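Chemist: The chain contents come next:
There are 2 protein chains.
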Amino acid sequence: MCHQCNYEELLSNAKLSATNNRIRVLEVVGNNSFPLSAKDIFNTLERNSSINRVTVYRILDLLVDHGVVERISTGGRAFYYGLAPNSHHEPHPHFYCMNCGQMDCLSPESLTVDMDDFIKTFPGQIEKMEVRIDGICKNCGNKQ
Amino acid sequence: MCHQCNYEELLSNAKLSATNNRIRVLEVVGNNSFPLSAKDIFNTLERNSSINRVTVYRILDLLVDHGVVERISTGGRAFYYGLAPNSHHEPHPHFYCMNCGQMDCLSPESLTVDMDDFIKTFPGQIEKMEVRIDGICKNCGNKQ
DNA sequence: CGTACGATGTAACATAATTGCATTTAGTGA
DNA sequence: TCACTAAATGCAATTATGTTACATCGTACG
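Protein chains in written order, with the numbering used here: chain A, 1163 to 1306; chain B, 1163 to 1306.
Certain hints may be false.
For chains that are exact copies, the list does not tell them apart, and a pair is met inside one copy or across any two.
[To be verified] Here are the simulated DSSO-like cross-link-like pairs (lysine-lysine), alpha carbons at most 30 Å apart as the crow flies:
# : residue 1 : residue 2
1 : Lys1282   : Lys1201
2 : Lys1177   : Lys1282
3 : Lys1300   : Lys1290
4 : Lys1201   : Lys1177
5 : Lys1201   : Lys1300
6 : Lys1177   : Lys1305
7 : Lys1290   : Lys1201
8 : Lys1300   : Lys1282
These aren't lab readings, by the way, just hints derived from the structure by calculation. Quick caveat: nothing in here was measured; it's all calculated off a predicted structure.
Turn these sequences into a full structure, and let the hints guide you.
Modeler: This is the structure we're talking about:
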């Protein structure tokens, strides 16, 4: 999602040591303009040099815990991962293609959500909001 | 979510025969004011009389396909199920407690989403929109 | 009746993610 | 430099959730 981000800096800001594997995972997540599944990320990394599937899961968990990466639920069974919102990236909604599983980022302005009233009155603690559109993407629609 | 709904009627409207198991599943889904996981539904049904886990999954799939029940993704690994929006039930956002897994329905007005522009310009086919807040519910927050 | 088809049960399988434990790596002080 | 420690990674097994294949049951209809 970002070529302005320095991945080692993102890690050190999050108080995480910049191991080779962490940087590799973060590069894959960050250099894509759309979120990927753990499997996508693993497969991409394996093409270059070996890494363990579990290591990928663990690094993703760690990055999510430290707010570097965002875990996004889909209309399917696997989570997808993208860079967490930060000064360069506003929170934004996603589109999930129920046919091919491709997930796309939508522009922050495409869907405006007013949650001011909600925040004022909700008795629990709010961590994040997720807005997702499910449907059939342009490509899959054309094929049918 | 609804005591105004006649479950046999919902089934026949969806052109589904009203088998005992379908009615039982739909009662559990419909009589709760919050969405449940397939496991929750199965456990509840098993308390009364025997039903197979797979049957529950199949009935839920069927009801989702026919628009009677809505499949809702959570911040966790399992899907949750609630009555699909209909004349008695507007679409509405949900709150998911990352600690206890409880999912609650929020009022349709609590979060207003303007997607008019998006619908006009998006090149794919839109099936549904999901808005979910993740956080810690009041109960879990008090315990900590 | 009997037959045909939809509904259900059962076991096996598939997928995504997690856990336990062994091994490797990197950093730190003697 | 070496030894020690803690963190990071690898590997195998396990868990959680959901799906498939196929057998059986039940019911509507000729």
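Chemist: Does each hint hold? Answer for all of them.
Modeler: Quick rundown of the hints versus the structure:
Taking identical chains as interchangeable, the C-alpha atoms of Lys1282 and Lys1201 are never at most 30 Å apart, the minima being 39 Å within one chain and 34 Å between chains. In this homomeric assembly, Lys1177 and Lys1282 never come within 30 Å of each other (Cα to Cα): the closest approach is 32 Å inside a single copy and 43 Å across copies. In this assembly of identical chains, Lys1300 and Lys1290 lie within 30 Å of each other by CA distance both inside one copy and across copies; the values are 29 Å within and 16 Å between. Taking the closest pair of Cα atoms, Lys1201 and Lys1177 come within 30 Å of each other only inside a single copy of the chain (26 Å); across copies the shortest separation is 39 Å, beyond that limit.
For the identical chains of this complex, Lys1201 and Lys1300 are intra-copy neighbours only, at 24 Å inside a copy versus 35 Å across copies, given an alpha-carbon limit of 30 Å. With identical chains, the CA atoms of Lys1177 and Lys1305 are at most 30 Å apart between copies only, with a shortest distance of 29 Å across copies and 47 Å within one. Taking the shortest Cα distances, Lys1290 and Lys1201 sit within 30 Å of each other both inside one copy (24 Å) and across copies (26 Å). In this assembly of identical chains, the alpha carbons of Lys1300 and Lys1282 lie at most 30 Å apart only when taken from different copies (14 Å versus 39 Å within one copy).
In summary, the numbered hints that this structure violates are 1 and 2.
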